[in-house]
Amino acid sequence: MNSSKICWLLFCCVFPIGLVGCENVLNDNNALNDKTRAQKNSNAEQIIKRGKPGLAIKLDNTQPIYIESIGATTLELSLVTPLTSGTMEVAVSTDEPLDLLSSSHYEFSLDQTANYILPLQIYAAEEGRFYINLAITISNDDEREHRSLAAIVQVGPPMLKAAQKSGATSEPEIIDMPAQETVRSAQ
Amino acid sequence: MEALSSAAVTLRVCVSRLFILLAMLMIAACGGGSSSNSPPSINKGDLSSSQIISSSSSFSNAGPINNNSSVPFDSISITGKITYDFVPHSASGLNYAAVEIYPARGVQVELLDEKNIVLATTSTDEEGQYFLNTAKNKVVKVRAKAQLLRTQSPRWNFKVTDNTSNNSLYAISGELLPATDATSIRDLHAPSGWTGHGYTQPRIAAPFAILDSIYIGIERIHAAGNPVDFPPLELRWSIKNKPADGKVSLGEIGTTFFWGDAIYILGDENTDTDEYDRHVLLHEWSHYLEEKFSRRDNFGGDHSFDEKLDMRVAMSEGLANAFSTMILDDAIYKDSGGHKQSASFTYDISRKNNYSKGWFSEASVQSVIHNLYRSDQYKKNQILGDLFRILSSTEYVNHNGFISIYLLAERLRKTLPGHLDTLNTLLQEQNIAVTDEYGLGETNSGGFYGSLPVYKNLTVNGGPIRVCVTNNFGSYNKLSNFQYAQLDIALAGNYQFTVNEAGISGGNSNPDLYLYQRGRLIDFGETAEIGREILSTNLPAGSYTLELTEERMGDTNLTAPISACFDLHVQLKN
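Residue numbers (the numbering used here), protein chains in the order written: chain H, 1 to 187; chain B, 1 to 574.
Please keep in mind that the hints were generated in silico from the structure rather than gathered at the bench.
All values derive from a computational prediction rather than experimental measurement.
Idealized CB from N, CA, C, for every residue including glycine.
Heads up, a few of these hints could be off.
FRET-style restraints, in silico, Cβ to Cβ [said to hold, decoys possible]:
no., chain 1, residue 1, chain 2, residue 2, range
1, B, Pro227, H, Thr84, 45 to 55 Å
2, B, Asp348, H, Leu101, 36 to 46 Å
3, B, Thr79, H, Asp95, 54 to 64 Å
4, H, Ser109, B, Thr394, 31 to 41 Å
5, H, Gln121, B, Asn398, 24 to 34 Å
6, B, Ala560, H, Asp95, 31 to 41 Å
7, B, Pro417, H, Ser85, 34 to 44 Å
Please build the complete structure, drawing on both the sequences and the hints.
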């Protein structure tokens with residue numbers, strides 16, 4: 001093997017390692033910042049997101065909410081907001097195969113510091129991971145603000161994690177959807 | 001033996017050369033040896049007004065630049081237009097009755113054969129037109145990918161992918177047909193999938209609508225005189241993306257947000273969809289710009305216009321709102337949602353009578369920036385361009401304190417002296433002091449005595465200073481969850497920061513300390529000790545910012561109000 005080949009081989013082996021190291025340096029600072037933020041809150045994965053502006057309200061339940069088996073069951077959704085004035089309306093709906101058996105509409109006066117509880121009765125027709133949707137509107141004087149939230153409900157045991165596709169490929173897979181196509185002649 | 005010796009010499013020479021080469025490449029790859037927190041440096045000489053790209057000529061060379069098909073003697077041109085349905089807003093959410101057909105601009109278009117082999121590639125122009133060549137009578141189909149890709153400077157690579165399907169790329173395709181004169185024009189259209197009462201058909205237009213909002217963003221940034229290369233970004237959208245906090249790969253994304261190298265976008269029909277909400281998309285894209293070209297001190301979390309926020313969060317979110325309205329030149333921020341997407345949240349970003357006013361209000365920040373932008377009808381582009389340059393400047397990125405409206409205002413005063421009076425008036429209208437980059441002399445406490453001064457002055461071996469935090473305005477990222485202190489160190493050495501509880505309204509306190517330099521976290525003390533925290537660290541001379549909080553300030557599930565005061569001091573140990 002001549003010297004130029006040795007050089008080339010060494011270069012190929014060492015350069016990628018260098019680049020990985022470089023990338024780590026570039027990302028270290030934000031990673032450190034976020035790590036310490038994460039330590040401040042057990043729910044940090046969702047909180048360190050920089051999201052769109054939205055009504056200050058959140059679900060206080062640990063998610064997913066587990067239901068042991070199919071059939072009718074009761075559960076409480078708990079909403080928390082720092083807002084202390086106005087009226088909050090909550091429209092509840094479920095995705096199939098969940099059925100909502102209790103009221104789909106709740107109204108609260110925002111004058112308390114405790115949580116706002118939605119006592120729900122639902123019927124689960126099959127096992128799986130489903131959602132209860134909440135459309136929330138808070139009215140204060142002439143202003144109305146909206147926010148949608150969804151509670152995750154796990155009926156029965158969680159599914160086994162599907163096998164992940166191995167490794168990233170250089171070319172991404174493509175979701176090819178049919179276009180409305182118009183074909184004609186140039187003439 | 002001689003051969004071995006010769007080989008060893010060769011290896012030594014080779015290794016030393018390799019080391020030099022590697023070092024040079026590493027320096028280049030790491031951004032020329034700049035601070036690890038610095039954005040890609042922008043040569044100011046490249047950003048002179050003489051090089052401003054006209055918006056009308058946007059990316060005209062983004063046309064058939066990659067048409068890699070050979071042009072055989074019996075070739076034929078396949079041309080056409082790529083379009084998508086855009087659903088505009090009305091006063092009551094998305095207005096499906098007013099759907100408009102828009103060109104898909106700058107998107108990747110390919111010709112493929114029966115085996116899905118790519119024969120030729122190009123990008124659409126401003127009208128959505130493409131132009132490709134292939135062999136006559138070859139059976140081909142046209143595919144348009146939801147990807148803005150430009151490989152010549154200024155470069156970018158934005159693509160819309162599905163986070164619930166291994167981040168696969170969205171695309172639309174036509175039929176396989178022989179390439180003849182009769183089939184030489186092939187227009188592809190991506191429909192919305194709305195059929196009167198719901199999305200009963202595939203929502204094919206959505207990825208192209210998302211991409212076109214980004215195209216508008218690129219166009220405006222470049223037209224404002226900043227022909228920068230954009231780092232790659234994925235826009236991850238799915239019809240499964242719901243406002244549930246769980247597994248992103250299942251679509252449980254919580255909200256539309258920016259994180260890492262991707263923007264995650266809601267797409268769940270009848271709860272919240274954002275593919276046609278351009279302000280929302282460009283708000284998140286502004287966070288991407290902030291991260292890649294400027295500096296992010298914003299640590300995220302829920303936020304709204306009426307809240308009193310941590311100064312850094314207020315600045316970043318207000319800026320993102322203002323950026324979205326400036327890029328669209330439309331002050332009314334719109335976000336649709338609800339049953340049949342018929343609910344609409346709108347907010348006039350230029351509004352001055354905000355419920356929450358001050359240096360801690362995103363509504364105030366956005367009001368100041370947007371109203372400055374539109375204060376001179378004929379210089380909007382220039383102001384947008386100047387703003388981008390300020391945000392990416394070394395002075396801003398390497399500022400010793402935190403990113404705030406005070407810092408931006410100080411830089412704006414120096415960069416746009418002609419707008420000084422307007423800026424100062426806008427600040428005063430939002431109850432923000434006209435002062436220096438540290439908010440010195442600010443009198444608007446937001447209703448909590450401990451929030452002023454904005455930066456407490458900490459001196460080495462000086463007496464303790466009283467610092468108070470509260471969750472009166474909420475937790476995690478709200479006003480006075482954190483307090484800041486400035487510190488100048490003249491001598492390198494080992495310094496000990498000590499915090500002792502001086503009074504608390506409920507329970508036991510657990511104070512924590514974080515030490516920053518130029519926005520970079522360099523050390524922290526987070527022990528579980530009750531009522532006390534000590535941080536010892538070796539520091540070179542320089543200016544530092546210390547952040548103090550109490551552990552429960554981060555607990556968003558805690559509704560009981562807590563206020564806690566501490567005595568903070570710093571000593572040079574050796």
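These are the hints, each one checked on the structure:
For the pair B/Pro227 and H/Thr84, the supplied restraint of 45 to 55 Å holds, since their beta-carbon distance comes to about 49 Å. Between B/Asp348 and H/Leu101, the C-beta spacing of about 42 Å keeps the proposed range 36 to 46 Å intact. Our hint of 54 to 64 Å for B/Thr79 and H/Asp95 is violated, since their Cβ atoms are close to 44 Å apart. Here the CB-CB span from H/Ser109 to B/Thr394 is close to 52 Å, at odds with the stated 31 to 41 Å.
Taking 24 to 34 Å as the suggested C-beta distance range, the pair H/Gln121 and B/Asn398 does not conform, at roughly 58 Å. A beta carbon spacing of about 35 Å between B/Ala560 and H/Asp95 agrees with the range 31 to 41 Å that was offered as a hint. A C-beta distance of roughly 43 Å is found between B/Pro417 and H/Ser85, which places it inside the suggested range of 34 to 44 Å.
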